[in-house]
Amino acid sequence: MQNAEAAQAGLQSIPALLARNAVRFGGRPAYREKEFGIWQSWTWAEAATEIRALALGFLVLGLNRGDRVAIVGRNRPAHYWAMVAAQMCGAVPVPLYQDAVAEEMAYVLHHCGARFVVCGDQEQVDKVLEVGERAPSVEHIVYTDKRGMRKYDHSHMNALADVQAEGRAAEQRLGAELDSRTAVLGYDDTCVMLYTSGTTGKPKGVVLSNRNIIETAKNSAAFDHLTEREEVLAYLPMAWVGDFIFSVGQAYWAGFTVNCPESAHTMMTDMREIGPTYFFAPPRVFEGQLTSVMIRMEDAGRLKRWLFRHFMAVARRVGPALLDGKPVGLLDRLHHALGNVLIYGPLKNTLGYSRIRVGYTAGEAIGPEIFDFYRSLGINLKQLYGQTEASVFITQQPDGQVRSDTVGVPSPGVELRIAPSGEVFYRSPGVFVEYYNNPESTASTKDAEGWVATGDAGFFEEGSGHLRIIDRAKDVGRMADGRMFAPKYVENKLKFYPNILEAVVFGAGRDMCTAFINIDLTAVGNWAERNNIAYASYQELAGHPQVYATIKEHVEAVNDSVARDPMLSGCQISRFLVLHKELDPDDGEMTRTRKVRRNIIAEKYADLIDALYDGRDTVSTRTEVTYEDGRKGEIRATLKIESARTFPTAQSQKVAAE
Amino acid sequence: MTEELTPDGRRIGDVLMDLKNITLRFGGVTAIKDISFNIREGEIRAIIGPNGAGKSSMLNVISGFYVPQEGEIRFRGERRGPMRPYEVARLGIARTFQNIALFDGMSVLDNIMTGRLNMMKAPIWSQALWWGRAEREEVENREQVEKIIDFLEIQNIRKTPVGRLPYGLKKRVELARALAAEPKILLLDEPMAGMNVEEKEDMCRFILDVNDEFGTTIALIEHDMGVVMDLSDRVVVMDYGRKIGDGTPDEVRNNPEVISAYLGVAHE
Numbered sequence: 001m002q003n004a005e006a007a008q009a010g011l012q013s014i015p016a017l018l019a020r021n022a023v024r025f026g027g028r029p030a031y032r033e034k035e036f037g038i039w040q041s042w043t044w045a046e047a048a049t050e051i052r053a054l055a056l057g058f059l060v061l062g063l064n065r066g067d068r069v070a071i072v073g074r075n076r077p078a079h080y081w082a083m084v085a086a087q088m089c090g091a092v093p094v095p096l097y098q099d100a101v102a103e104e105m106a107y108v109l110h111h112c113g114a115r116f117v118v119c120g121d122q123e124q125v126d127k128v129l130e131v132g133e134r135a136p137s138v139e140h141i142v143y144t145d146k147r148g149m150r151k152y153d154h155s156h157m158n159a160l161a162d163v164q165a166e167g168r169a170a171e172q173r174l175g176a177e178l179d180s181r182t183a184v185l186g187y188d189d190t191c192v193m194l195y196t197s198g199t200t201g202k203p204k205g206v207v208l209s210n211r212n213i214i215e216t217a218k219n220s221a222a223f224d225h226l227t228e229r230e231e232v233l234a235y236l237p238m239a240w241v242g243d244f245i246f247s248v249g250q251a252y253w254a255g256f257t258v259n260c261p262e263s264a265h266t267m268m269t270d271m272r273e274i275g276p277t278y279f280f281a282p283p284r285v286f287e288g289q290l291t292s293v294m295i296r297m298e299d300a301g302r303l304k305r306w307l308f309r310h311f312m313a314v315a316r317r318v319g320p321a322l323l324d325g326k327p328v329g330l331l332d333r334l335h336h337a338l339g340n341v342l343i344y345g346p347l348k349n350t351l352g353y354s355r356i357r358v359g360y361t362a363g364e365a366i367g368p369e370i371f372d373f374y375r376s377l378g379i380n381l382k383q384l385y386g387q388t389e390a391s392v393f394i395t396q397q398p399d400g401q402v403r404s405d406t407v408g409v410p411s412p413g414v415e416l417r418i419a420p421s422g423e424v425f426y427r428s429p430g431v432f433v434e435y436y437n438n439p440e441s442t443a444s445t446k447d448a449e450g451w452v453a454t455g456d457a458g459f460f461e462e463g464s465g466h467l468r469i470i471d472r473a474k475d476v477g478r479m480a481d482g483r484m485f486a487p488k489y490v491e492n493k494l495k496f497y498p499n500i501l502e503a504v505v506f507g508a509g510r511d512m513c514t515a516f517i518n519i520d521l522t523a524v525g526n527w528a529e530r531n532n533i534a535y536a537s538y539q540e541l542a543g544h545p546q547v548y549a550t551i552k553e554h555v556e557a558v559n560d561s562v563a564r565d566p567m568l569s570g571c572q573i574s575r576f577l578v579l580h581k582e583l584d585p586d587d588g589e590m591t592r593t594r595k596v597r598r599n600i601i602a603e604k605y606a607d608l609i610d611a612l613y614d615g616r617d618t619v620s621t622r623t624e625v626t627y628e629d630g631r632k633g634e635i636r637a638t639l640k641i642e643s644a645r646t647f648p649t650a651q652s653q654k655v656a657a658e
Numbered sequence: 001m002t003e004e005l006t007p008d009g010r011r012i013g014d015v016l017m018d019l020k021n022i023t024l025r026f027g028g029v030t031a032i033k034d035i036s037f038n039i040r041e042g043e044i045r046a047i048i049g050p051n052g053a054g055k056s057s058m059l060n061v062i063s064g065f066y067v068p069q070e071g072e073i074r075f076r077g078e079r080r081g082p083m084r085p086y087e088v089a090r091l092g093i094a095r096t097f098q099n100i101a102l103f104d105g106m107s108v109l110d111n112i113m114t115g116r117l118n119m120m121k122a123p124i125w126s127q128a129l130w131w132g133r134a135e136r137e138e139v140e141n142r143e144q145v146e147k148i149i150d151f152l153e154i155q156n157i158r159k160t161p162v163g164r165l166p167y168g169l170k171k172r173v174e175l176a177r178a179l180a181a182e183p184k185i186l187l188l189d190e191p192m193a194g195m196n197v198e199e200k201e202d203m204c205r206f207i208l209d210v211n212d213e214f215g216t217t218i219a220l221i222e223h224d225m226g227v228v229m230d231l232s233d234r235v236v237v238m239d240y241g242r243k244i245g246d247g248t249p250d251e252v253r254n255n256p257e258v259i260s261a262y263l264g265v266a267h268e
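Protein sequence lines correspond, in order, to chains B and C. When we follow the UniProt record's numbering, the leftmost residue of the first sequence carries the number 1, and every step to the right adds one. When we follow the UniProt record's numbering, the leftmost residue of the second sequence carries the number 1, and every step to the right adds one.
Be a bit skeptical, because a hint or two may be false.
[What the hints assert, rightly or not] Derived pair list, reagent style DSS-like, types lysine-lysine, alpha-carbon separation capped at 25 angstroms:
{"hint": "1", "chain 1": "B", "residue 1": "Lys581", "chain 2": "B", "residue 2": "Lys604"}
{"hint": "2", "chain 1": "B", "residue 1": "Lys304", "chain 2": "B", "residue 2": "Lys348"}
{"hint": "3", "chain 1": "C", "residue 1": "Lys200", "chain 2": "B", "residue 2": "Lys146"}
{"hint": "4", "chain 1": "C", "residue 1": "Lys170", "chain 2": "B", "residue 2": "Lys34"}
{"hint": "5", "chain 1": "B", "residue 1": "Lys348", "chain 2": "B", "residue 2": "Lys34"}
{"hint": "6", "chain 1": "C", "residue 1": "Lys147", "chain 2": "C", "residue 2": "Lys159"}
{"hint": "7", "chain 1": "B", "residue 1": "Lys632", "chain 2": "B", "residue 2": "Lys202"}
{"hint": "8", "chain 1": "C", "residue 1": "Lys147", "chain 2": "C", "residue 2": "Lys200"}
{"hint": "9", "chain 1": "B", "residue 1": "Lys151", "chain 2": "C", "residue 2": "Lys147"}
{"hint": "10", "chain 1": "B", "residue 1": "Lys151", "chain 2": "C", "residue 2": "Lys200"}
{"hint": "11", "chain 1": "C", "residue 1": "Lys170", "chain 2": "C", "residue 2": "Lys184"}
{"hint": "12", "chain 1": "B", "residue 1": "Lys474", "chain 2": "B", "residue 2": "Lys446"}
{"hint": "13", "chain 1": "C", "residue 1": "Lys200", "chain 2": "C", "residue 2": "Lys170"}
{"hint": "14", "chain 1": "B", "residue 1": "Lys581", "chain 2": "C", "residue 2": "Lys200"}
{"hint": "15", "chain 1": "B", "residue 1": "Lys640", "chain 2": "B", "residue 2": "Lys552"}
{"hint": "16", "chain 1": "C", "residue 1": "Lys159", "chain 2": "C", "residue 2": "Lys170"}
{"hint": "17", "chain 1": "C", "residue 1": "Lys184", "chain 2": "B", "residue 2": "Lys146"}
{"hint": "18", "chain 1": "B", "residue 1": "Lys632", "chain 2": "C", "residue 2": "Lys200"}
{"hint": "19", "chain 1": "B", "residue 1": "Lys202", "chain 2": "B", "residue 2": "Lys446"}
{"hint": "20", "chain 1": "B", "residue 1": "Lys552", "chain 2": "B", "residue 2": "Lys581"}
{"hint": "21", "chain 1": "C", "residue 1": "Lys147", "chain 2": "B", "residue 2": "Lys34"}
{"hint": "22", "chain 1": "B", "residue 1": "Lys146", "chain 2": "C", "residue 2": "Lys147"}
{"hint": "23", "chain 1": "C", "residue 1": "Lys121", "chain 2": "C", "residue 2": "Lys184"}
{"hint": "24", "chain 1": "B", "residue 1": "Lys581", "chain 2": "B", "residue 2": "Lys632"}
{"hint": "25", "chain 1": "B", "residue 1": "Lys34", "chain 2": "C", "residue 2": "Lys159"}
{"hint": "26", "chain 1": "B", "residue 1": "Lys446", "chain 2": "B", "residue 2": "Lys595"}
Hints listed in this document are in silico derivations from the structure and should not be mistaken for laboratory results.
Just chain C, same shape as in the assembly (with noise of 0.2 angstroms):
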């Protein structure tokens, strides 16, 4: 077991998931080329990179939603194929979208809730009848969502429609939904974009608060440098689908190439 603690006393453990040699074509397109890096338990890993770069399509090969042609991936040592969406959920993945992903007709509770599926095993005639087992899952799954608002400090919205909520709230709703599952790995597809300062400062807080309290691994791809520097333990850096760069926020900032690639020049 390698364990050791960063600077503000977090654990970070074994590689939880091994990527390498990714290679992801669109037909004539090569999304992502020969890639490889890996997400160790605990910490917070980004991924960043100008427009196009390819960093969403990498989140999706993370999550299994994209098949790479060429490479392995490994979750937990173990050699990961093709997956069916509810195979990926059962393996401990939770993700939240860049533009979201919600039920807009549903309160934020029922959304929330609904990120809890997995847990329900009742058979179907108890669920109908809402008797036994199915009622006990209600009340168990209900507390842990309850736990859940009460930590992203959304309780004065619990039972309003998800439609009716300004964007900021939105992307935390979101964020609950994807903790519900208990993720062991926690995706977040540029969680503050569309943010203004003070809701990103919220964000910020929320997601070191999830690292830290339940021990969740993030991997997030983002645009805004200052967040990421600030929040993450490493950062891999891609350009036109290559990796360019790999290492801790201070070793990236760095980076000759890094710095020509992304930060020098301005992009957006």
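This is chain B alone, in the form it adopts within the complex (with noise of 0.2 angstroms):
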């Protein structure tokens, strides 16, 4: 039905939503930029002169209907504009993980088969250089930052800006071609593609088509009520899903604005200006702010601490509630309101939540205590559950039931079914086209009747029917004595310590459990200033002895944790060591957007696990490491092997109490 009326307004492509957005909106900010710090800002109608400029430009260049154009860069105003304005032309964009290595890129460049690559400034230009004949299909390179670019060979080669003079030049000659292919955009034609990062293998690029986008965004935006008067900040990298529906699909759709930072590290001090009213972070970043809030406070005077202390209490006990519109006590209304002046406020303006009205979190579990701190400082912080294959949204906490331990219930539109093997299966408009180029990968995930399986096990929990989500369906595994195995469950619990940054389980077909422990640089190396604990590498610190026995005594409190659950006790961990290096997706370790490859680390780090099993107190260690530039080198280490103490599950304790 609202289908029929999306089509019937002809809004079926990003362009005409663009062309309406310069007619409803034309005086309202579409985009922001911090530049020369100042925010520098274009209006709807401007945005689209601007992105009508680069597409012309781009048919000048001879760009064709169905070409891929990649588009590797920072988010900048200029980066989204180069997506629209190849969608204008026919073809796809397809974003670029800009921090990924040329190896990377010389996949992802050849397998979509890109004829034109954007790239933000001379570093990615030398990737792309770098890739050269590895990915033929590539003809023309089209830079925004023109920094450092002179002395290179422009015979393929422009800069942005150039293309949208050239552009506007050809409005007489090529205006009308443009008009064209644009109007014949419909609903099935590709909107984008992007390529999922994969715990395991290869890279696949997903096929999002132009009504997998709008219509997600149209559902979403309706749930969160999202208006033109939103302010997002884009900052998570733009090959990410998420990015091209908060910053694309929604910022188009509901016309609000889209802010980009100055660079990646002024962002904290950028959101604090903007001030967003919507706005997305991994875990991570809401872990990071806890934390830095939590040191500062550490050195604050008496007296504030006794505040912060006092009305913190108070949010813990009120502010939920008041979220969540239940009934609270007018002296309770008082306390929490004194405290709003007092603390609540200005520590929101300080991190940039003032005008928030609704947070998302998605990617990996978040922390119960930090979920509560955010929550009960009044910021209307969700959490979601996501896949690019579903064009983000599958479940999405409603207002009023929001809980640190579910994923919330079905987005609008997305049908929810659980497979006997407890892997969650979802169908919905959002369901992407297919995987490019690879139709055994689409068959093996998407059934005949648009059922995708999303390779995460979870449950509907009773009475609430909200989804509760495990772990990975295939990481879930048996111990050899056949008790389950699940070591998200447990990494979980681990990395709630601020102390902890990573952690690795393994115990799959073994008769105890293990883990690899990453510490957190920011909040261990605090702790050691505060100690007086000197270290002159983070291996070193690593290797601490008290840092060891802090950390055992997490793995402890975790083990008395997680042999409360009958069904998953086995987990416990026996023996752990603390890695001497951080995971890093430059090494492989990880995945671009900070996920565990648990086979490449079994594998790198074999001796590692096997001395763990072996029963040995120290093991010794060389490791490749890659530097930033591509550069390999090599560490050694000599690592303690700690033992900690297990609980009996929590039926066998009630058969002891007997």
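Hints in hand, dock the two standalone chains.
If you want it as structure tokens, here you go:
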């Protein structure tokens, strides 16, 4: 029904939405970017002009219908314009991860067959040139930032501003051609192609149609009542589906403003200046902010510390209930209002959350304490569960039904079912068209009726009907004695401690569970400073006996809590070690979205895993590392292996008590 | 006009500064003995040598801080006499220091703004009242400074007090301040000293970009041979106050006297 309405209105593509916004919201800001210390802004009408100029410029360069245009750079208005301009020409935008090394980029450029590549700066151009023959389809490079580019061979290279200038000049000649290409775009045309990072194997190109993106944007915008007055901060990788939905899909549907930070390092300051009303961040951003608040409060004067503790206790008691609209006594309301003036208001302002209406987190589990901290401040932080293949949304939490351990109810238009194996399947208007040039994978993921396997195991909670995710379906295994093994369940519990950045748990097919721990350098480094513990390197700090003792406490506390769950009590950690280096996407140990790649870690650190199981107290190892510029080096270390106390499971405890 | 192109397409022009038979003495000690060389417009000119060879003294002669007892310096063909520091700055010579000389208590932005003091011409009453010309000038200067901040990628520390910055960033701020004066010649005294590999690479890229983008002539002293050989168009080699080599990095590398004095023997 709504589908038909949109079709009648002719709003079947992003360029069509742009044309509508240029008329309906012409004077409202569409994009802002901080540059040269000032927020520069473009209204929808101005953005439409800029995008048109760029699209005409692409035509001058000979962009054909159906060509792929790769975009690799940080979040900048020009890069979003390049995506929409490509669509106007009937081409398909393919945003790439800008921190990908040349090797990864070569694969994707070759696989998608990109003819045009839009690069953010010299660094990205260099990578594309380095790829060279491995992606022979690349014919033109367009770059945004002119710096350092003067001495390059420009026979197949242009600055984006120059392409726009040529486009403006060609309006008379090519304007009609562009209009006719834009006019024929429909719901079934490809909107964008996004490469999934993939915890296993090569990345796959997910083809999303205009229907997928626009229907999903429409449904989700209605779910959270998004209007043209929202402000979002575009800071997550452009190659990630979430950024495409928030900064393009929803932004064009609802007509709100996309703000681009000055650089990756100024994101927090920029966020404070903008004060977004709608915000998405992976749990690690929220964790990082909370850690820095706590560290700074430790340094504050006694009065401030007391005020903070006192009012945070009030907030924890009263805040969530107020947010959910539950009845709260008058005295508590007054107390909370006072806290708002003295603590919550200023704190939210410092963090950039003064105006926030809806905040989402997803991707990984978020610690209950962290989640509650933000909610108690009155920030409407919610969880969602999604995938690239679903155009993000599978489930999300409605206002007033938010909890840290579920991912919510099915999003509007999404059907869910759980297979006997426990794996979650979904079907929705957002379900992807196919994996590009990969019919086998498409067939094994999506069945004829449109049901897609998430690869995650989960169940519906009785009573609330909310979905709970346990782990990746393929990671859920059995231990040697047949007890259930769900590594992520334990890892998440470990990662809730600020000192632990990352954890990898082993145990499938074994008689006990063991773990690698990565310390969080910010938190542990601060602790070391406070306790006058000197250290020269990450490695030295990680191996410090007191650090080991602290981590041991955390592991044992986690064991205690795991023991309470009769189904998963086998997953208690008997032995662990603290890794001498941080797990890093550059070494292939994590995906670009920072998900642990278990099989690669198991292969690379096989010697360490052996040591965890053969009872040794220390182990010497060499590890290859990749520096940011692609060079390789090696670090050697002798690691200590520590045992941790395990607890009897809840049931057997009961037996013992009787 | 003698103009030639370097292999990577940069333009090298006429002689900008010509030093002839320079001798500098401190009492009985002769720091520089009868040295002649020139710096051409648009080039990156390095001065190398073992510790105590007289490199920093040479840089101070170029900057006008030391006045040599003998010899003459011509800047754009004109003979240069003793000068006061502000006169040096007006000539278009800016420098960074071996041991950073920034205002620790001031923000990065304010530090860089000091580099543009010479461009502020508003009368004192206007500056005090922040009205008229002073305000206009401040806006113009801030625009230039912001371009440099963007260029050197230090947006995230714009408002941080310099005292709180790590060493590598302070060096970058110093470079920013020198650039703010829009110099003709930029003198860098050991720009990479005490930096790690990554910081050195960043600094190299910035120096090359400054030279390429603004066409600034650069004279630098540096210990790291790899850096010098990669970066510079021509190199002067000094040892005990004498010049023992002068030429392209390749020529210098193969000069036997240079090899024995500096490259071949570990002085440090």
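Now the hints, each set against the structure:
{"no.": "1", "hint": "Lys581(B) x Lys604(B)", "in the structure": "holds (13 angstroms)"}
{"no.": "2", "hint": "Lys304(B) x Lys348(B)", "in the structure": "holds (16 angstroms)"}
{"no.": "3", "hint": "Lys200(C) x Lys146(B)", "in the structure": "holds (23 angstroms)"}
{"no.": "4", "hint": "Lys170(C) x Lys34(B)", "in the structure": "holds (24 angstroms)"}
{"no.": "5", "hint": "Lys348(B) x Lys34(B)", "in the structure": "holds (22 angstroms)"}
{"no.": "6", "hint": "Lys147(C) x Lys159(C)", "in the structure": "holds (15 angstroms)"}
{"no.": "7", "hint": "Lys632(B) x Lys202(B)", "in the structure": "holds (22 angstroms)"}
{"no.": "8", "hint": "Lys147(C) x Lys200(C)", "in the structure": "holds (22 angstroms)"}
{"no.": "9", "hint": "Lys151(B) x Lys147(C)", "in the structure": "holds (21 angstroms)"}
{"no.": "10", "hint": "Lys151(B) x Lys200(C)", "in the structure": "holds (22 angstroms)"}
{"no.": "11", "hint": "Lys170(C) x Lys184(C)", "in the structure": "holds (22 angstroms)"}
{"no.": "12", "hint": "Lys474(B) x Lys446(B)", "in the structure": "holds (17 angstroms)"}
{"no.": "13", "hint": "Lys200(C) x Lys170(C)", "in the structure": "holds (13 angstroms)"}
{"no.": "14", "hint": "Lys581(B) x Lys200(C)", "in the structure": "holds (23 angstroms)"}
{"no.": "15", "hint": "Lys640(B) x Lys552(B)", "in the structure": "holds (12 angstroms)"}
{"no.": "16", "hint": "Lys159(C) x Lys170(C)", "in the structure": "holds (13 angstroms)"}
{"no.": "17", "hint": "Lys184(C) x Lys146(B)", "in the structure": "holds (22 angstroms)"}
{"no.": "18", "hint": "Lys632(B) x Lys200(C)", "in the structure": "holds (18 angstroms)"}
{"no.": "19", "hint": "Lys202(B) x Lys446(B)", "in the structure": "holds (18 angstroms)"}
{"no.": "20", "hint": "Lys552(B) x Lys581(B)", "in the structure": "holds (18 angstroms)"}
{"no.": "21", "hint": "Lys147(C) x Lys34(B)", "in the structure": "holds (13 angstroms)"}
{"no.": "22", "hint": "Lys146(B) x Lys147(C)", "in the structure": "holds (13 angstroms)"}
{"no.": "23", "hint": "Lys121(C) x Lys184(C)", "in the structure": "holds (20 angstroms)"}
{"no.": "24", "hint": "Lys581(B) x Lys632(B)", "in the structure": "holds (14 angstroms)"}
{"no.": "25", "hint": "Lys34(B) x Lys159(C)", "in the structure": "holds (15 angstroms)"}
{"no.": "26", "hint": "Lys446(B) x Lys595(B)", "in the structure": "holds (23 angstroms)"}
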